[in-house]
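Colleague: Please dock the two separately framed chains into a single complex, following the hints provided.
The lines below spell out each chain.
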Amino acid sequence: MRQARADEYAEFAVARAGHLYRSACLLTAGDTHLAEDLVQETLGRIYVRWGRVSRAGNPAGYAQTVLTRTFLAHQRRRSSTERATDAIPDRAADDGGHSDLSLRLTLLQALGRLPAKDRAVVVLRYWEDRSVEETADALNASSAAVRTRCTRALGRLRELLAEDLGEYATP
Amino acid sequence: MSVEHDEDRFEGRLSDALHDIGSGFDADRAALVAAGRARGRRLRLRRRAAVAGGAAGIALVGVGGALIVPWGGAADPLPSSSSVAEQPSGTPSAMPLTSRELITTLEGLLPEGKFSDQEARGTGDSPLPPYVRLVYDDGKGPGAVGVSLNRIEPGSDHARETTDCPDRTLVPHDSCVATRLPDGSLLRLFQGYEYPDRRVDTKLWSADLVTPAGQHVSVSEWNAAAEKDAPVSRSEPPLSTAQLKELVTAQVWRKYVEFIPEDPKQPTASAAPSHAVEPGVDSVLNTLVPLLPKGLDVVEKGEDYTYLVLDDGKGRSYVQIDVQHGMGDVADELFGADSETLPDGTKVVARESGGDKGVEGSVMWTVDTLRTDGFRVVISAFNAGTQHDAPTRPTPALTREQLREIALSPKWDRFR
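In order, the protein sequence lines correspond to chains Z and H. Using full-length UniProt numbering, you'd call the opening residue of the first sequence number 1 and step up by one each time. Using full-length UniProt numbering, you'd call the opening residue of the second sequence number 1 and step up by one each time.
If we strip away everything but chain H, and leave its shape as in the complex, we get (with noise of 0.2 Å):
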């Protein structure tokens, strides 16, 4: 018998083996649509969810963290959506947080000026998250000023959520920037409008700030004596954000999210650690987007993997990015004696290939790079616009510098 026959006849025994053993699995169909479509419901308000978070990331504390569950537990699939509001409980500090403390230290934090309209909700009046908001006058005008607090899972989908910034053509605003401080938190500084569709032109300016340890502190101010229905009172909100900066990062604000029950609920507890969970493909692809040179365009983008097919009018191009953790232990396999290590013992190595064996001429660039804490960011380009497709271009879209700059921005350390 050829050696060839053979493996006929393994490939054939094997196929039928798989579809009598794959045949004998049975599962309650009917509860398993049940759930299956459950989890679309609950990805598609997420989804609603992120897009509304740019504007309106108040309103989001209390629902986020429930609906994120992303492979917490296969004993039980389907939690109910729990909210802080249903489950209070831990043990709280020994004594709550009173609101008059809160309104006392955001009072003390703003630069002089007259408060009115004081409002605050401690740790012991609810057990919803704690908040302060105040209409606070400079002299040139009335403007409300808010801070709320909360515990939030650091990493996971509703933290980049928060301190991600939005789509504009989603949420329109004039600026917003995200950046990560040197002790590891994440801080988002946005100015836009209390309605995205501006039909009243009342400006919302905020500040996000997720800690390392998953407190998150929320302040927002507006150009009128409070959210809605009032008048705008001055053409823009009393703080600078440079004074958002500095009211969201007093410590004070995080010792106070201490005082917050935990609630063992929340998928903090059983889900898997956050460096474990991988960024999804939307959150990497719009970060990669902004990094990508002048004058190209994206002609496709991938939904289930992080890719992009480019053109500079000179054909297409294919661009694949991964962006792992934990990638350490294989740092000797992906970095030779032909890799650099940069001053912060970041390793990057350039590679050259000829992309797929069986395509004539083509050519696939790819820069890998690898952080001192195992984060890993590589990025290939082809000069096709697929992995597999005849070449379409001598070289790829992105010289080999672009893709060596695009992989060590910084703008990658939100995924960190």
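Only chain Z is shown next, with the shape it has when bound in the complex (with noise of 0.2 Å):
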């Protein structure tokens, strides 16, 4: 990689790299390890492809594209089939944020029952608030398939955090 270059993509990922991580942290329902992993895969993946990425236009939106994908891909050579996490992760609890703790370990734990790709799509959703079309361009798939997916997502996180965000304030 030439200089200019790689300074630019130097800047770009230090720039990206935070934001890329909570993403990661949320799609891995606080696996914090596999969320570092991700972001350093996705981080390669575009090093490889700096010069198109950055010619392209909103390298952080390919960026974010990428480490859903590479989410996904994980997953899917994780288990054959699409299902959710049993397991939550508890370290989770271990890095302190200053949210309401309960809230924030129920909030990962409700991600964490979701279906990989319906999880995909909360966060691409409500954590990156992209649209329906955004969404499925992200994840390869078709708009009336994202609205379904979310649709089924949000049932399901209504049922288990209905009463904890019920007291959340929306300003």
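Honestly, the hints are just simulated from the structure, not real lab data. Fair warning: this is a prediction, and the values are worked out from it, not measured in the lab. Do not rely on the hints blindly, as some may be mistaken.
Computed Cβ-Cβ distance ranges for the label pairs, DEER-style [said to hold, decoys possible]:
| id | chain 1 | residue 1 | chain 2 | residue 2 | range |
| --- | --- | --- | --- | --- | --- |
| 1 | Z | Ala-6 | H | Ala-331 | 41 to 51 Å |
| 2 | Z | Arg-52 | H | Gly-139 | 49 to 59 Å |
| 3 | Z | Arg-55 | H | Asp-201 | 36 to 46 Å |
| 4 | H | Arg-9 | Z | Arg-152 | 11 to 21 Å |
| 5 | H | Thr-372 | Z | Arg-52 | 38 to 48 Å |
| 6 | Z | Thr-148 | H | Gly-12 | 29 to 39 Å |
| 7 | H | Leu-342 | Z | Ser-131 | 36 to 46 Å |
| 8 | H | Gln-251 | Z | Thr-148 | 48 to 58 Å |
| 9 | Z | Thr-148 | H | Asp-201 | 54 to 64 Å |
| 10 | H | Gly-12 | Z | Glu-8 | 36 to 46 Å |
| 11 | H | Asp-413 | Z | Ala-162 | 47 to 57 Å |
We treat Cβ as the ideally placed atom computed from N, Cα and C, and that holds for glycine.
Modeller: Written as structure tokens, this is what we have:
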């Protein structure tokens, strides 16, 4: 990689790594080790294609898409069928944040109970604030499929979280 | 409060909660970036190695395995690149394999002729993998013949690169045949050139065998007395591909591989079982493209996902394929009463659906296949250039029969 391009990549990676990591933590329902691994893999893949990525515009969005697909590919390798994570990593609680600890745990556990693709839809829609169409593009799925997943995931989360989120103040 | 309003509020709260909780995660960004860049460099190296691999399988031995750590362990995501040379360990067999044994073995397996310039490295001489080479003259001119042995993780990317035929545009060659032998070993017979750019017309023919037990035997021969810097001495290397195959599959080489100490730091030990690793996008698509009927243009190729967009002149058609392992547990879900079971036990079912519900006139044809070992190949074709756009044509560019033929092709066996 030529120096100017390498610098450009480094600047991008430093600027995005934090956000990618936070997204990855939500995707993995709080498995911070897996999240680190996914972010490294994502940054690695972008490194290889940086020339094209940087020219194409919106490299940040591209990185997010690569992260999501890397996560899904990992899930697919791990389990042959789409199934929810039963074991919730207990280390989620270790990373002290400023938000309420019990809500944090409850939310991560609820995310962990969603099938991987549904979780990806929720993260893209409600954390990344992407539209249904943008989410569909990122997942290589149809927008109808995304809507179905979204409805299903929201229904499940509502069941799991209604009480906790009911008290959550929406500004 | 209306249900809709309530739903909106729930979505709003969920979004707020995600933002609050997500922003609570923090990592050492500099470390992530450094590790990401290192992975990128390794990925790039791996791709280059894959390209070079076609012509120079032997040269790759000793660097390949260490580069590939798919999901070996989150605890140490950045293992320092280890090579066989640096990590000789494990308990070698009591008696090392000697260079003399290697030379005698090769001479014994070759047809009658004159042997000269013998050279070999046994397992006692060096921590590097063993090899033997000599100049063989069957009476029609001398040609160099070499055998190298190593361990390899079956099913790994490295193993696949060793036994897949390279892209002709990247590694020009005259012939390449990749097959699976009855014992499950993968064999690649390759006829190409020492210099892919053919600045010198030295021919390099090779046979690479990867057994299910992880033994890699590589035989190469040249139509010159040495790999490089020797004049072309005959029109073709001395052994035919049939003879090469016989030589590479000789059981004795596999026994010799067992003399190589196992390297506990190789990913073989810690990585997920190879059958759990799904094949890469490129290798799946590179297998798919040659199976397509003639007269179809590939106008788009997936990079992160295994799909192609085809055009037969009558409009674009999106084709997606999945190659998966361990799907036996969902056989009942996927293959109902309308499925068919072939004599070898493979289940096949064809499905037809309207594609995306939201798109008028959308057609999706699918053929799903499941081998008895849980290996699944499923292919779908659409009558549009994407999964969600309006149809560009009445039916997909591939017929149901063509989809079936593709999904059942023995070419997929290399991923099993």
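Colleague: Could you run down the list of hints and mark each one as holding or not?
Modeller: Going through the hints against the structure:
One distance hint, 41 to 51 Å for the beta-carbon pair Z:Ala-6 and H:Ala-331, holds here, with the actual separation near 49 Å. Evaluation of the 49 to 59 Å hint for Z:Arg-52 and H:Gly-139 yields a pass: the beta carbon distance comes to about 55 Å. Separation of Z:Arg-55 from H:Asp-201 is about 40 Å and conforms to the stated range, judged on CB atoms against 36 to 46 Å. About 19 Å separates the C-beta atoms of H:Arg-9 and Z:Arg-152, a value consistent with the hinted range of 11 to 21 Å.
Here the CB-CB span from H:Thr-372 to Z:Arg-52 is close to 42 Å, well matched to the stated 38 to 48 Å. A hinted range of 29 to 39 Å for the beta carbons of Z:Thr-148 and H:Gly-12 is inconsistent with their spacing of about 21 Å. The beta-carbon spacing between H:Leu-342 and Z:Ser-131, approximately 44 Å, falls within the hinted interval of 36 to 46 Å. For H:Gln-251 and Z:Thr-148, the Cβ-Cβ distance of about 55 Å falls inside the hinted range of 48 to 58 Å, so the restraint holds.
Separated by about 60 Å at the C-beta atoms, Z:Thr-148 and H:Asp-201 satisfy the suggested range of 54 to 64 Å. As the Cβ distance of H:Gly-12 to Z:Glu-8 is approximately 37 Å, the hint placing it in 36 to 46 Å holds. Between H:Asp-413 and Z:Ala-162 the beta carbons are some 50 Å apart, a value that agrees with the proposed interval 47 to 57 Å.
Of the hints listed earlier, the one the structure fails to meet is number 6.
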